[in-house]
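> As a plain string of letters, each chain reads:
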Amino acid sequence: MLYATPVAAVLITMVLGALIFTLLGYDGLGAVREIFFTPLTNPYKWQDLAVKASPLVIIAVGLAVSYRANVWNIGAEGQYIVGAVAGTGVALLTYDMTGPWILPLMLLAGIAGGAAYAAIPAFLRTQFKVNEILTTLMLTYVSVQLLNYLVFGPWKSPTSMGQPQTVLFSADQSLPYVIPGTIVQLGTPIAILVAILVWFVMSRSVFGFQVRVVGASPAAARYGGFSANRTVWLALLVSGGLAGLAGILEAAGPFGRLVPQFPTNYGFTAIIVAFLGRLNPLGALLAGIILAITFVGGEVAQTTIALPFAAVGIFQAMMLFLLLAGDVLVRYRIRRVANEPARASA
Amino acid sequence: MTLDLVIAIIITLVGASTPILLAALGELVVEKSGVLNLGVEGMMLIGAVITVAVVLVTGNHWLAIACAALAAAAAALIFGFLTLSLSANQVATGLALTILGTGFSALFGQPYTGKAVPLLRSPFPPELAADPVWRVIFGYSPLVYFSLIMVFVIWWFLKKTRAGLILRAVGENDLSAHSIGYPVIGVRYLAVAFGGAMAGIAGSCFPLILTPQWVERLTTGRGWIALALVVFAAWRPFRLLGGAYLFGLVMTLEVYAKAAGGGFRVLPSELWAALPYLATILVLVLISMRRGGSSSAPACLGKPFLPTS
Numbered sequence: 000m001l002y003a004t005p006v007a008a009v010l011i012t013m014v015l016g017a018l019i020f021t022l023l024g025y026d027g028l029g030a031v032r033e034i035f036f037t038p039l040t041n042p043y044k045w046q047d048l049a050v051k052a053s054p055l056v057i058i059a060v061g062l063a064v065s066y067r068a069n070v071w072n073i074g075a076e077g078q079y080i081v082g083a084v085a086g087t088g089v090a091l092l093t094y095d096m097t098g099p100w101i102l103p104l105m106l107l108a109g110i111a112g113g114a115a116y117a118a119i120p121a122f123l124r125t126q127f128k129v130n131e132i133l134t135t136l137m138l139t140y141v142s143v144q145l146l147n148y149l150v151f152g153p154w155k156s157p158t159s160m161g162q163p164q165t166v167l168f169s170a171d172q173s174l175p176y177v178i179p180g181t182i183v184q185l186g187t188p189i190a191i192l193v194a195i196l197v198w199f200v201m202s203r204s205v206f207g208f209q210v211r212v213v214g215a216s217p218a219a220a221r222y223g224g225f226s227a228n229r230t231v232w233l234a235l236l237v238s239g240g241l242a243g244l245a246g247i248l249e250a251a252g253p254f255g256r257l258v259p260q261f262p263t264n265y266g267f268t269a270i271i272v273a274f275l276g277r278l279n280p281l282g283a284l285l286a287g288i289i290l291a292i293t294f295v296g297g298e299v300a301q302t303t304i305a306l307p308f309a310a311v312g313i314f315q316a317m318m319l320f321l322l323l324a325g326d327v328l329v330r331y332r333i334r335r336v337a338n339e340p341a342r343a344s345a
Numbered sequence: 000m001t002l003d004l005v006i007a008i009i010i011t012l013v014g015a016s017t018p019i020l021l022a023a024l025g026e027l028v029v030e031k032s033g034v035l036n037l038g039v040e041g042m043m044l045i046g047a048v049i050t051v052a053v054v055l056v057t058g059n060h061w062l063a064i065a066c067a068a069l070a071a072a073a074a075a076l077i078f079g080f081l082t083l084s085l086s087a088n089q090v091a092t093g094l095a096l097t098i099l100g101t102g103f104s105a106l107f108g109q110p111y112t113g114k115a116v117p118l119l120r121s122p123f124p125p126e127l128a129a130d131p132v133w134r135v136i137f138g139y140s141p142l143v144y145f146s147l148i149m150v151f152v153i154w155w156f157l158k159k160t161r162a163g164l165i166l167r168a169v170g171e172n173d174l175s176a177h178s179i180g181y182p183v184i185g186v187r188y189l190a191v192a193f194g195g196a197m198a199g200i201a202g203s204c205f206p207l208i209l210t211p212q213w214v215e216r217l218t219t220g221r222g223w224i225a226l227a228l229v230v231f232a233a234w235r236p237f238r239l240l241g242g243a244y245l246f247g248l249v250m251t252l253e254v255y256a257k258a259a260g261g262g263f264r265v266l267p268s269e270l271w272a273a274l275p276y277l278a279t280i281l282v283l284v285l286i287s288m289r290r291g292g293s294s295s296a297p298a299c300l301g302k303p304f305l306p307t308s
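Protein chains in written order, with numbering that gives the first Met the number 0: chain D, 0 to 345; chain C, 0 to 308.
For the record, the hints were derived by calculation from the structure and aren't laboratory data. All clues stand as given, with none of them false.
Only some residues are given here: those of chain D computed to face chain C with a beta carbon under 10 Å: (1) M137; (2) Y148; (3) V327.
For clarity, every value in this text was computed on a predicted model and none was experimentally measured. From the three backbone atoms N, C-alpha and C, an ideal C-beta is built for every residue, glycine too.
Sequences are here, hints too, so could you generate the full structure?
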């Protein structure tokens, strides 16, 4: 049942979506076919799926850890941006150098940047009991302004002819392509590795157990000697670090530089991915692919059946609504209580 | 700085503040009942697009605002059904509502994109607002006066009425409120629907006061600012008014800083833009330090109500 709801949510979304878009005067069946199936049946689209899914999976895996601990980091978008900024900082410092050590250093800087940015809400929550939902969200806007400041100001490329953008990263600063002849870069195997690694840690280690206990039952965790504050720190550092990693992988991969258009809401979409994946790292891997399918399929439907891209948002929201609604069936059992006298609740 | 510039800044800032004030007032009532609805941005977009459509079809501003309020309240009730009746996670459901509103408004707004919408002008006779100084008092859209009245109404409702007391009890301790017989879920449904209606009217402000046309993502993240504002104001209506105008002032100065240069250039415009958010975080810390570690947030904020668990 636990794993049946996401599948049911996707299936019902297709049926309802076809119905709604037909009623709206669009080709409803075509929309479902192009959005959900064409990206799978057309092998040329698989590379696009890998490119779209990779950042979503990496961020969502971190968020799954955080949400399991009952820590509501909704500012992954900000940590993603700061990770990219930190990694780009290394790239700009090493611009005149060559060597295989540069890219790993950039990735580490990305992780450190994202984790450091998530450390602010962790500090505020553990020291001052400030709600992390609000601080992570506020810091996301601040990060967008930081990015704008840098690309419009000190980091603007001297050869960009007034365009707000950094210089293009050099070969040693860019992700290598892993499958010849495609646009699949190193980010994709990293995403798969991250999902498997975190799944292993979460399900097989004391750390994973601690996170799950603190999230599920703070009282039991206290009794068991697990520190709630430590878990808050770990949850935010892990989710922030992974979001930062996704950020620098995106900057050093598909973008190749920083531009004001860099924030593409991956950090917010990854929240859907984390939930659709049942807050399980391997689930996030599958869910990331499903969300990537809708993005790629939305672009297909735009050109083939002139469906506005906005329709993708409606499909995604519907999927999440149905999943959350379906959860009630997982957590509770429906009982007939008709004609039963009311009893005092325990 | 000339008087004309000051007046121009005041009028711009009041216009910019009104939608965030309206949406934040609605969200304040929702949060006071113990529910966190992160879908404000989505509901505002629904309100904005419905306003544009109804004004362009019927030409009636008031009908448009009413439809916007109803449509956004209906969207809020989807959120309400999932979080209140099905105890779904409020953060995830609110985000889904924002995604839905963004998608719906972009799709529904397509035929109306770029068409000029007649502004909703001051209800007072134009002679009153002819003089620039009087314009500061009489020169605004009726929505501005409505938002100011609502600040008082909501303060009075929460502080002085029995219904307001029940709403706060539900938000502070749902189990106790339930045990003395108040309908926790029912109160929260009403609050969520009210918050939706206010967000819808806030959405109306964009085409009727600020940018008289529909473009995709017209509200440009103001719904999120409204959420920040509620926290910034520590869940108090009159502080919300001050906070909204302060946020509006910063947003206006940011625009002037980009355009004018000179004295405004001391700080980069991006820092101006980031200030409201940094200030909100600072306020959160200060509130929690002064209260000795406990915040002034409603105690049940964001938690589902499960009477039998």
